[in-house]
Amino acid sequence: MELTPKAKKTMVTAALIGPAAIWLFVFMVLPFFAILVFSVGERAPAGGYQPAFTFDQFANLGARAAAFVNTLTLAPIGAIACLLIAYPLAYYLAVKVDPRRRLLLVSLVVVPFWTSMLVRTYSWMYLLGARGIPHVLELIGIENVRLINTPGAVLLGIVYGYLPLMILPIFVSLEKLDRRLLEASADLGAKPISTFFNITLPLSLPGVMTGVALVTILLLGEYLIPQLLGGGKVFFIGNALVDLFLQSRNWPLGSAIAVTLVIVVVAVLLISMRIAWRFAGTRQIDLV
Amino acid sequence: MTKPYRDNLPISADGFMDQFMRLKRGSVSRRHFLGVTGLGLATAVFGRFPGAGQRAYAAGDLGTQMSIATWPNYHDPATFENFKAATGVAVEVNVFGSNEEMLAKMQAGATGWSLFVPTNYTISTYSQLGLIDELDLSQVPNFDPATQSARFTSEGKVDGKTYALPKNWGTTGFCVNTAKLKTPMQSWKDFFEVAQTEADGRAMVHDYQLTTIGSALVSLGFSFNSIKPEELAKAEELLIKVKPHLFAINSDYQPSMRSTDAWLTMCWTNDGAQLNRDMPELAYILGKDGGEIWTDFYAIPKSAPNKPAGYALLNYLMDPQNAVKEHIANGAPTTDSRVIALLPAEITSNKIVYPDEASLTPLEFGAAVTLTDPGRAELMARFKSA
Amino acid sequence: MTSASTHNIEFRSVSKTYGSVTAVSDISINVPKGAFMALLGPSGCGKTTCLRMIGGFEQPTSGDVLIDGRMMNGVPAYRRPVNMVFQQYALFPHFNVEENVSYGLQQIRPKLANAEIARRAGEALEMVRLGGFGKRRIHEMSGGQQQRVALARAIVNRPSVLLLDEPLAALDKKLRSAMQFELQTLQRELGITFVLVTHDQEEALSMSDFVCVMNAGTIRQIGRPEEIYDHPGEFFVADFVGKTNRIEGTLEPGGKVVRMADGGALAIVARPGVEPGPVVVALRPEAIRLEHRPARMGEITGVITHRVFLGSTAEYSVAAPGIGDVLVTADHKTMTESDLIEPGATVTLAFDPAAAHVFRGTANQVTTR
Numbered sequence: 001m002e003l004t005p006k007a008k009k010t011m012v013t014a015a016l017i018g019p020a021a022i023w024l025f026v027f028m029v030l031p032f033f034a035i036l037v038f039s040v041g042e043r044a045p046a047g048g049y050q051p052a053f054t055f056d057q058f059a060n061l062g063a064r065a066a067a068f069v070n071t072l073t074l075a076p077i078g079a080i081a082c083l084l085i086a087y088p089l090a091y092y093l094a095v096k097v098d099p100r101r102r103l104l105l106v107s108l109v110v111v112p113f114w115t116s117m118l119v120r121t122y123s124w125m126y127l128l129g130a131r132g133i134p135h136v137l138e139l140i141g142i143e144n145v146r147l148i149n150t151p152g153a154v155l156l157g158i159v160y161g162y163l164p165l166m167i168l169p170i171f172v173s174l175e176k177l178d179r180r181l182l183e184a185s186a187d188l189g190a191k192p193i194s195t196f197f198n199i200t201l202p203l204s205l206p207g208v209m210t211g212v213a214l215v216t217i218l219l220l221g222e223y224l225i226p227q228l229l230g231g232g233k234v235f236f237i238g239n240a241l242v243d244l245f246l247q248s249r250n251w252p253l254g255s256a257i258a259v260t261l262v263i264v265v266v267a268v269l270l271i272s273m274r275i276a277w278r279f280a281g282t283r284q285i286d287l288v
Numbered sequence: 001m002t003k004p005y006r007d008n009l010p011i012s013a014d015g016f017m018d019q020f021m022r023l024k025r026g027s028v029s030r031r032h033f034l035g036v037t038g039l040g041l042a043t044a045v046f047g048r049f050p051g052a053g054q055r056a057y058a059a060g061d062l063g064t065q066m067s068i069a070t071w072p073n074y075h076d077p078a079t080f081e082n083f084k085a086a087t088g089v090a091v092e093v094n095v096f097g098s099n100e101e102m103l104a105k106m107q108a109g110a111t112g113w114s115l116f117v118p119t120n121y122t123i124s125t126y127s128q129l130g131l132i133d134e135l136d137l138s139q140v141p142n143f144d145p146a147t148q149s150a151r152f153t154s155e156g157k158v159d160g161k162t163y164a165l166p167k168n169w170g171t172t173g174f175c176v177n178t179a180k181l182k183t184p185m186q187s188w189k190d191f192f193e194v195a196q197t198e199a200d201g202r203a204m205v206h207d208y209q210l211t212t213i214g215s216a217l218v219s220l221g222f223s224f225n226s227i228k229p230e231e232l233a234k235a236e237e238l239l240i241k242v243k244p245h246l247f248a249i250n251s252d253y254q255p256s257m258r259s260t261d262a263w264l265t266m267c268w269t270n271d272g273a274q275l276n277r278d279m280p281e282l283a284y285i286l287g288k289d290g291g292e293i294w295t296d297f298y299a300i301p302k303s304a305p306n307k308p309a310g311y312a313l314l315n316y317l318m319d320p321q322n323a324v325k326e327h328i329a330n331g332a333p334t335t336d337s338r339v340i341a342l343l344p345a346e347i348t349s350n351k352i353v354y355p356d357e358a359s360l361t362p363l364e365f366g367a368a369v370t371l372t373d374p375g376r377a378e379l380m381a382r383f384k385s386a
Numbered sequence: 001m002t003s004a005s006t007h008n009i010e011f012r013s014v015s016k017t018y019g020s021v022t023a024v025s026d027i028s029i030n031v032p033k034g035a036f037m038a039l040l041g042p043s044g045c046g047k048t049t050c051l052r053m054i055g056g057f058e059q060p061t062s063g064d065v066l067i068d069g070r071m072m073n074g075v076p077a078y079r080r081p082v083n084m085v086f087q088q089y090a091l092f093p094h095f096n097v098e099e100n101v102s103y104g105l106q107q108i109r110p111k112l113a114n115a116e117i118a119r120r121a122g123e124a125l126e127m128v129r130l131g132g133f134g135k136r137r138i139h140e141m142s143g144g145q146q147q148r149v150a151l152a153r154a155i156v157n158r159p160s161v162l163l164l165d166e167p168l169a170a171l172d173k174k175l176r177s178a179m180q181f182e183l184q185t186l187q188r189e190l191g192i193t194f195v196l197v198t199h200d201q202e203e204a205l206s207m208s209d210f211v212c213v214m215n216a217g218t219i220r221q222i223g224r225p226e227e228i229y230d231h232p233g234e235f236f237v238a239d240f241v242g243k244t245n246r247i248e249g250t251l252e253p254g255g256k257v258v259r260m261a262d263g264g265a266l267a268i269v270a271r272p273g274v275e276p277g278p279v280v281v282a283l284r285p286e287a288i289r290l291e292h293r294p295a296r297m298g299e300i301t302g303v304i305t306h307r308v309f310l311g312s313t314a315e316y317s318v319a320a321p322g323i324g325d326v327l328v329t330a331d332h333k334t335m336t337e338s339d340l341i342e343p344g345a346t347v348t349l350a351f352d353p354a355a356a357h358v359f360r361g362t363a364n365q366v367t368t369r
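Chains as they are written, first to last, in UniProt numbering: chain X, 1 to 288; chain R, 1 to 386; chain P, 1 to 369.
Mixed in with the good hints, there may be bad ones.
Partial pick of chain X residues on the chain P-facing surface, computed with a CB cut under 8 Å [what the hints assert, rightly or not]: (1) L84; (2) P88; (3) R180; (4) E183; (5) A184; (6) L188; (7) K191; (8) I193; (9) S194; (10) P202; (11) A267; (12) V268.
Keep in mind the hints are simulated off the structure, nothing from the lab. Glycine residues also receive a C-beta, built at the ideal position from the N, C-alpha and C atoms.
Produce the complete structure using the sequences and hints provided.
Set out below in structure tokens:
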């Protein structure tokens with residue numbers, strides 16, 4: 001039997017998006033639904049979940065207020081720290097570097113991703129630990145310096161781990177920036193610094209916001225780096241979730257926090273996209 | 001300890017580096033290194049061929065694979081290789097950081113484990129929740145109740161039924177780097193004082209409510225197992241006061257103690273024995289004011305996918321000839337007099353592993369209620385988020 | 001400096017190379033104040049490089065560029081008294097029309113008052129007939145409107161020179177003619193120098209006072225449009241500017257006859273200085289008349305192969321022995337119905353010998369690109 005063109009088109013569409021849709025449904029939508037159900041339940045006497053319909057867990061979010069405050073402080077600070085380091089580098093790669101060497105240099109940015117984040121973070125543990133940099137400092141007479149398990153170590157780990165995620169979208173937006181716009185600006189009398197702030201920066205904002213949103217969102221769920229480089233002394237939402245699911249076993253409260261986190265993530269995304277749209281004067285935003 | 005990213009790793013990354021360092025120092029054989037890190041496990045699983053093994057430890061079809069949930073650095077890897085050689089069953093090892101974490105996994109549903117290693121105070125909860133089966137002792141002929149010390153094994157029974165058989169016992173004290181810290185310490189009171197003074201920025205407590213809250217309670221003169229709100233409030237006050245001075249809240253303290261980033265930590269017997277063996281300046285001390293004494297057991301989950309293999313491995317481990325190697329490897333004391341007879345003298349005379357009876361007297365076994373008490377769980381969360 | 005008063009732009013032996021590639025080779029030009037000059041040539045001829053050296057986006061490898069008598073070597077674009085209308089306009093997409101136009105005014109130091117900026121930007125927009133469009137976003141404007149925004153943005157700072165880089169290339173034919181007219185008007189109103197880069201010879205001829213024909217990094221001819229068209233200095237210019245027929249042969253002594261390969265003769269008038277020997281003759285299609293009569297001495301005959309009706313004119317393709325296809329344009333007004341000649345007819349190609357341009361060289365030496 002011959003298929004009508006319309007039926008064919010529908011089938012092609014289904015074949016293209018089907019696998020992703022099924023994957024997302026089974027591994028994203030269903031679990032999220034489960035979390036939603038859990039979040040209106042109650043903690044069983046021995047821990048875990050028992051069915052109920054109550055918003056007590058959401059009312060009790062204040063019990064983990066510190067985790068929210070810590071996370072909502074760290075995530076933007078980490079993202080801004082990444083941004084401050086990533087932007088000049090991305091600018092150099094996209095604008096200043098010899099195009100023949102650009103591909104090589106951009107690949108080098110991605111190289112750290114070839115090893116696991118865990119291994120790289122452990123390397124930092126040893127570098128910052130007593131046998132690493134402090135040992136070198138001892139040799140030149142500076143004794144008992146502690147670098148590991150400090151806020152600085154956590155920030156370093158975050159910048160180190162997330163820098164490529166910030167560099168790449170900014171690089172892309174700067175690279176596709178029409179050079180004639182910069183010439184037009186210079187032509188109209190704008191000094192290089194003025195051209196940068198009037199033209200380059202606003203037009204690379206979609207990349208900046210993509211990077212900031214990406215890093216912020218990942219940082220909102222970050223758990224490993226503060227745990228390993230911060231000594232577990234600082235409590236983030238990620239730590240709170242681990243604790244509530246695996247230690248205190250208060251799954252309903254954990255689910256309520258997870259739901260809240262998802263809402264925060266969506267809000268961050270919307271806000272950053274809105275800012276990018278406004279500055280770029282277009283709704284065609286590239287989330288790379 | 002909260003490290004879920006390691007759930008299905010045969011060994012923690014810390015453990016890996018630690019073993020790697022030991023390998024470089026030559027204190028363990030390459031075979032041990034591969035075994036502990038799971039690289040040996042992969043070899044074991046893939047090196048298997050059908051029909052091998054004599055099935056000497058049990059009757060019936062054991063299959064070719066099973067998995068066990070246990071603690072880091074807790075077994076002689078040769079044990080699993082020998083078991084595989086004897087039965088044809090390859091053992092996958094999952095390590096955990098806390099009893100709470102094990103319980104959470106069991107509560108969440110099927111775990112795939114056919115044997116696991118819970119601590120004494122959790123067994124009654126597991127049986128109440130119907131997560132473990134009463135053991136069929138006829139399948140464990142190597143176990144002999146007559147040679148066991150009842151002091152350590154009684155919690156394996158609930159209402160007269162045996163749910164778990166002992167692996168080893170141990171204590172929770174603290175480990176001090178005596179090269180760095182000169183203040184003599186004898187009690188948990190000393191521990192918390194030094195942590196805020198001489199060991200400022202260098203002390204670790206467990207990421208584990210039982211021992212961290214328990215030890216704080218003990219240092220204030222209360223019971224290790226207290227759930228009285230006013231006593232817990234005092235413990236919380238102490239912990240929050242100490243927190244800014246801590247190096248870390250982490251149950252994985254061996255790497256930091258070995259690297260001398262940390263100079264003082266809460267510590268379990270077996271880790272204490274291992275640390276002291278490799279670095280004699282690391283002393284292990286039991287609180288004169290109290291602390292924990294514990295027994296780890298073997299139990300079989302109700303959901304075990306391969307019970308015959310679980311029983312076979314349990315029976316294999318109850319064989320004193322096999323158990324003795326486990327004790328030599330992990331440094332924890334045995335509950336079985338048959339094993340004590342086989343242990344070398346330098347182990348039985350090691351005061352870290354087998355302390356004087358007098359130093360055990362003030363210690364308490366953990367109480368079941370601490371596992372499920374929401375007050376202690378919330379206190380721990382407040383301490384960590386403070 | 002003698003050039004200061006009369007010459008707006010001056011190139012003195014300017015060369016520009018990129019590695020081993022020469023883009024512009026030893027060029028000297030003087031552009032008088034208030035002139036409308038077109039740089040015309042095929043792509044890659046160096047015309048855009050010249051424009052960019054005036055704008056300050058490129059620096060010459062050797063030689064000097066002067067604007068209003070001031071040496072510009074090393075002076076960055078933002079310090080030059082010139083403004084440019086970019087190819088495809090290069091409007092700032094994140095600004096609206098008014099913000100685009102006032103951008104240049106915003107850069108002036110000391111800062112202009114906001115009211116002054118608004119007034120001048122409004123004037124510029126009025127000038128390009130876009131009053132009232134100030135708040136529009138760029139992507140809401142049509143191609144022709146964008147082109148006028150670009151124009152307003154470039155003239156708002158009252159530059160000494162306005163540079164236009166293929167400004168009409170993106171517009172359709174009708175809009176293009178309208179804009180050509182507007183640009184001329186604007187230039188007269190403003191009285192400033194316009195330098196236009198184009199590859200479209202019609203555009204160059206119709207708008208500019210001077211045309212500078214370039215090829216392979218060199219200037220081939222500078223002159224008024226009529227001069228360039230009627231008196232091309234070399235075959236390349238004749239061929240690139242307008243349509244032309246190419247006839248190869250040998251110039252006989254006396255300069256009146258070109259002997260073709262098949263022995264046929266062509267009556268021409270060679271300019272003095274063209275030596276006897278191999279030559280190329282350029283003959284405009286409109287310089288030829290098709291006549292129903294036997295050929296006289298120095299004329300050629302051919303058979304009509306195609307006829308294309310173009311409205312006011314018609315184009316004929318004539319196969320002439322010894323030459324090949326010859327293109328002839330006939331003006332309809334001068335023809336009656338019966339004069340329309342059907343393909344297949346044999347005709348004589350008549351032309352004024354003075355209308356044929358004779359250049360030294362062979363086909364191998366004169367490249368038309």
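Status of the hints after comparison with the structure:
no., hint, verdict
1, L84, "violated, 23 Å"
2, P88, "violated, 22 Å"
3, R180, "holds, 4 Å"
4, E183, "holds, 5 Å"
5, A184, "holds, 4 Å"
6, L188, "holds, 4 Å"
7, K191, "holds, 6 Å"
8, I193, "violated, 11 Å"
9, S194, "holds, 6 Å"
10, P202, "holds, 5 Å"
11, A267, "violated, 25 Å"
12, V268, "violated, 23 Å"
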